[in-house]
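Undergrad: Sequence:
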Amino acid sequence: MSFGSYFGEGIRYALVARLEISHHLLVIAKLGSTDYFDRTHISSGLQEIAGSHQMDLEVQVKWKW
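The C-terminal position of the sequence shown is numbered 65 in UniProt numbering, with every residue numbered one higher than the one before it.
Keep in mind that the hints were calculated from the coordinates and are not lab data.
It is possible that some hints are incorrect.
Said to hold, decoys possible - Restraint-style ranges between C-beta atoms, simulated for each label pair:
#  : residue 1 : residue 2 : range
1  : 61        : 41        : 12 to 20 Å
2  : 38        : 61        : 30 to 38 Å
3  : 10        : 62        : 13 to 21 Å
4  : 43        : 65        : 36 to 44 Å
5  : 14        : 44        : 19 to 27 Å
6  : 55        : 22        : 26 to 34 Å
7  : 33        : 65        : 33 to 41 Å
8  : 46        : 23        : 39 to 47 Å
9  : 53        : 27        : 25 to 33 Å
10 : 59        : 12        : 16 to 24 Å
11 : 22        : 53        : 35 to 43 Å
12 : 48        : 18        : 14 to 22 Å
13 : 61        : 14        : 29 to 37 Å
14 : 44        : 64        : 25 to 33 Å
Said to hold, decoys possible - Below, simulated EDC-like cross-link-like pairs (lysine to aspartate or glutamate); rule was C-alpha separation at most 20 Å, straight line:
#  : residue 1 : residue 2
15 : 30        : 56
16 : 64        : 20
17 : 62        : 20
18 : 30        : 20
19 : 30        : 58
Since this is a predicted model, take the numbers as computed values, not measurements.
Using N, Cα and C, we set each Cβ at its ideal position, and we do this for glycine too.
Required output: the full structure, derived from the provided sequences and hints.
TA: Written as structure tokens, this is what we have:
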């Protein structure tokens, strides 16, 4: 799990959860939310988001041998 680079004025929130299901199985999740105060859209081209808010979810599953 990593953090990207950001430009402009805004705030980013992140919530990280870790769940050890068994001795061998681990699930890690990160829910992130970015709010920009200085724009009405985010990115450009095919990745453009019409709005100043972006939310993302990352899930990582680890199996220990």
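Undergrad: Confirm or reject each hint.
TA: We went through each hint and held it up to the structure:
Checked against the given bound of 12 to 20 Å, the beta carbons of residue 61 and residue 41, roughly 33 Å apart, lie outside it. Checked against the hint of 30 to 38 Å, the pair residue 38 and residue 61 passes, with Cβ atoms roughly 37 Å apart. The hinted range of 13 to 21 Å is not satisfied by residue 10 and residue 62, whose Cβ atoms lie roughly 32 Å apart. Between residue 43 and residue 65 the beta carbons are some 40 Å apart, a value that agrees with the proposed interval 36 to 44 Å.
About 24 Å separates the C-beta atoms of residue 14 and residue 44, a value consistent with the hinted range of 19 to 27 Å. Evaluation of the 26 to 34 Å hint for residue 55 and residue 22 yields a pass: the beta carbon distance comes to about 30 Å. Judged by the Cβ atoms, the range 33 to 41 Å given for residue 33 and residue 65 holds: they are separated by roughly 35 Å. Checking the proposed 39 to 47 Å range against residue 46 and residue 23 shows it holds: the Cβ atoms sit about 43 Å from each other.
At roughly 26 Å, the beta-carbon separation of residue 53 and residue 27 lies within the given 25 to 33 Å, and the hint holds. With their beta carbons about 19 Å apart, residue 59 and residue 12 fall inside the hinted range of 16 to 24 Å. Taking the beta carbon of each, residue 22 and residue 53 are about 37 Å apart, inside 35 to 43 Å as hinted. For the pair residue 48 and residue 18, the supplied restraint of 14 to 22 Å is violated, since their beta-carbon distance comes to about 33 Å.
At roughly 19 Å, the beta carbons of residue 61 and residue 14 sit outside the given window of 29 to 37 Å. A hinted range of 25 to 33 Å for the beta carbons of residue 44 and residue 64 is inconsistent with their spacing of about 42 Å. The suggested pairing of residue 30 with residue 56 holds, with an alpha-carbon distance near 8 Å, which does not exceed 20 Å. In summary, the hint linking residue 64 to residue 20 is supported, as the alpha carbons are separated by about 11 Å, within the 20 Å threshold.
At most 20 Å may separate the alpha-carbon atoms for a hinted pair to count; residue 62 and residue 20 meet this at roughly 10 Å. Between the alpha carbons of residue 30 and residue 20 the distance comes to roughly 15 Å, so the proposed pair stays at or under 20 Å and holds. For the hint linking residue 30 to residue 58, the alpha-carbon distance of about 5 Å falls within 20 Å, and the restraint holds.
Violated hints, listed in ascending order, are 1, 3, 12, 13, 14; each of the other numbered hints is respected by the structure.
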